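Engineer: The listed protein sequences correspond, in order, to chains F and P.
Residues 932 to 1192 (the working numbering) are what the first sequence spells out, left to right.
Residues 38 to 459 (the working numbering) are what the second sequence spells out, left to right.
Hint data in this document are derived by calculation from the structure and do not stem from the laboratory.
The structure presented is a predicted model; accordingly, all values stated were derived computationally and were not measured.
Keep in mind that the hints are not guaranteed to be accurate.
Stated by the list, open to error - Computed far set for chain P versus chain F, every beta-carbon distance over 10 Å:
#1 99
#2 247
#3 256
#4 268
#5 342
Stated by the list, open to error - Pair by pair, the computed Cβ-Cβ distance ranges are:
#6 190/P - 942/F: 40 to 50 Å
#7 1165/F - 444/P: 33 to 43 Å
#8 423/P - 1069/F: 41 to 51 Å
#9 1149/F - 259/P: 35 to 45 Å
#10 113/P - 1106/F: 58 to 68 Å
#11 312/P - 1106/F: 51 to 61 Å
#12 946/F - 346/P: 28 to 38 Å
#13 991/F - 341/P: 22 to 32 Å
#14 165/P - 990/F: 54 to 64 Å
Cβ coordinates follow ideal geometry from the N, Cα and C atoms, glycine included.
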Amino acid sequence: MTGAPVLQLRAVSKRFGAVQALTDVDLTVHAGEVLALVGDNGAGKSTLVKTIAGVHPVDEGTITWHGDPVRLTRPQDAQALGIATVYQDLALCDNLDVVANLFLGREKHLRGLLDEVAMEQKARELLDTLAIRIPDVRTPVAALSGGQRQVVAIARALVGEPSVVILDEPTAALGVEQTAQVLDLVERLRTRGLGVILISHNMADVRAVADTVAVLRLGRNNGVFPVAGTTQEQIISAITGATDNAVTRRQARLTQEEDAA
Amino acid sequence: MTTPTAPTETPAPQAPAADPRLLVRSGGLTGYLDDLRRRLAGGELGSAPVVIGLILIAVIFQSVTGHFLQADNLTNITKYIAGPGLIAVGVVFVLLLGEIDLSLGSVAGVCAAIASVLAVRQGVSEWLAVAAALAAAAAMGALHGLFFARIGVPALVVTLAGMLAWSGLQEYVLGDLGTINNRHDGLIATLDTHFLGDGDIAYAWALAILAPALYLLAQLRTARRRRQAGLTARPTTDIALRAGALAVLALPLAYALNQDRGLPLPLVVLVGVVAGTDFVLRRTAWGRQVFAVGGGIEAARRAGINVARVRISVYMTSATLAGLGGLFIASQQGSADKQLGGGNVLMSAIAAAVIGGTSLFGGRGKTWSALLGILVIQSITTGLDMVHAAQAIQYMITGAVLLAAVVLDSVSRRTRAGAART
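Can you build the whole structure from these sequences, using the hints too?
Structural biologist: Here's what the structure looks like:
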């Protein structure tokens, strides 16, 4: 169900002073694929994503876009290629309404003035195709719920019609229903043929929407698994680096207690 | 925890139904009142409190003095508010960024001093002198903006330094005498004393009729465009009501002004500047950027907005407006002197912007609030003068009004956050 590789990273390394944040990391994103990027805190997920978003240029290794090598040294480079990033802090202007936020920095003009009608029309179109429900596109973003703000932030990333979208912990601060809404949206992005890189700590979310899970551990690749046919334990052991770790010990203990009871 | 999903059969996007939780507004007057009540309850107070306050002030002073609403008094109020009102418009710009500019009073003083020295002492043409003075004001604003936006010095400190330095420059420019009288019947003198058409009643009537009519036409055009595009539009009854309210305000004012000397130039300039800046802020990309920076610097930066450039341009705009305000104050008092722009001029301007409803927290406000706020302050001052209240009382009352306005701002901010629709 996934298409050709859109974005490929080969042997990417990144240092910050004495810290080797990434070592020889490979990553491949296909069109129409949701790639979950998992790993413990400090595993290098954020650094990796920032190299793709053009925030941190890579020290070594190559990045190819549709097979052509590219250099990403500024966020604008990534945006120009068609890589959109939705950061965890969303970066929406609370005082502006949904339409203004969607088109911030990309306003439509008519005779030198803002064309509110065209922007609102386009905004509705975009929100409708993504089946996003916002009570009123003219409400200030401050008045929206966490889930609505998240989907607005994702929709905002789509205004530039990217082919790869990076979502940094999109469900971290959301309730049950709102999480489901965001996951639905992630699936719709895949249906539209976008490559989605999903960073998440939540295994349930990862298993619910991802096609592939790429595990990072201490700045290195530690396995790429197709979600179908991989157990949660396998992923967790790849994240923690062993089958004997705090998570498995806890589970074993709980099972023992259950057995004893 | 999450919905069970089958990736291969993602449901097709459903037809966009209206959110069932969205309150649908019923038509007509009841719908309008319902909507208004809901907005007020949700903390979107808009200009309602200040308009009510203005009406209260007018009623109280009229009943106490018996001649507060007389034509000559109203004319004088409209003339007094021009200078401080223009400075207050400048304050609105910096408040929209969520910043402050303490130097605007001094900038107004320097601007008036430069214009007077060039025109009166150096014999430069007054138009040229005024242009040079305004350019100097813009340059001062640019300097504040550069230190704030590029070097990262807090705006409060930069403009505090500016306040001290520019008032020093003001004294230096004026020289030993310290006071320069305006050239008799010159441009600067005329700013305050001129009435359009030398008191021809046609001007006030024309403005009072044209303003609501233009508003009506513009709104109807927008509504038609929105309907053609399949978007919700403001109902025609609603538009008619608003235009009607504007006419109800404007026509009696025109009548009153015509009872005296006609349409004063300072009022036209202030209203023109307020309407013009309001248009720029709402309808241009630059205006949108100003609001964006005021609402979230990081969000604005990530959207590709050049935050430093927006900040510098805003400081330039506010300084230029303050400079223009300084010229009107000089015209009003007949001379440029060392005290011009000092005292409580700046504080009144900041108070006016806040009383009018511009938020101190950035990103929310209108330039109209400068006009409303300065009207409140000047009405209180004039009214208390008429009942021969001491200056001490005036300060205390103005202070209380300002506090009330800020409390309202803080409370409505909280209500708005609480009323967040989910």
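Engineer: Could you run down the list of hints and mark each one as holding or not?
Structural biologist: Structure-based check of all given hints:
The beta carbon of residue 99/P is kept farther than 10 Å from every beta carbon of chain F, the shortest such distance being approximately 38 Å. With a minimum CB-CB distance of about 21 Å to chain F, residue 247/P clears the 10 Å threshold, and the non-interface call stands. Residue-level check passed: residue 256/P sits 13 Å from the nearest beta carbon of chain F, beyond 10 Å. With a minimum CB-CB distance of about 6 Å to chain F, residue 268/P fails to clear the 10 Å threshold, and the non-interface call is violated.
Not every CB of chain F is more than 10 Å from the CB of residue 342/P (nearest about 6 Å), against its label as outside the interface. Distance hint check: the CB atoms of residue 190/P and residue 942/F are about 45 Å apart, consistent with the given range 40 to 50 Å. At roughly 59 Å, the beta carbons of residue 1165/F and residue 444/P sit outside the given window of 33 to 43 Å. Taking the beta carbon of each, residue 423/P and residue 1069/F are about 44 Å apart, inside 41 to 51 Å as hinted.
For residue 1149/F and residue 259/P, the hinted distance range of 35 to 45 Å is not satisfied, since their beta carbons lie about 58 Å from each other. Judged by the Cβ atoms, the range 58 to 68 Å given for residue 113/P and residue 1106/F holds: they are separated by roughly 59 Å. About 45 Å separates the C-beta atoms of residue 312/P and residue 1106/F, a value inconsistent with the hinted range of 51 to 61 Å. Range check, residue 946/F to residue 346/P: about 34 Å between beta-carbon atoms, so the 28 to 38 Å window is met.
Range check, residue 991/F to residue 341/P: Cβ separation about 29 Å, and the 22 to 32 Å hint holds. Between residue 165/P and residue 990/F the beta carbons are some 59 Å apart, a value that agrees with the proposed interval 54 to 64 Å.
In this structure, the earlier hints numbered 4, 5, 7, 9, 11 are contradicted, and the remaining ones agree with it.
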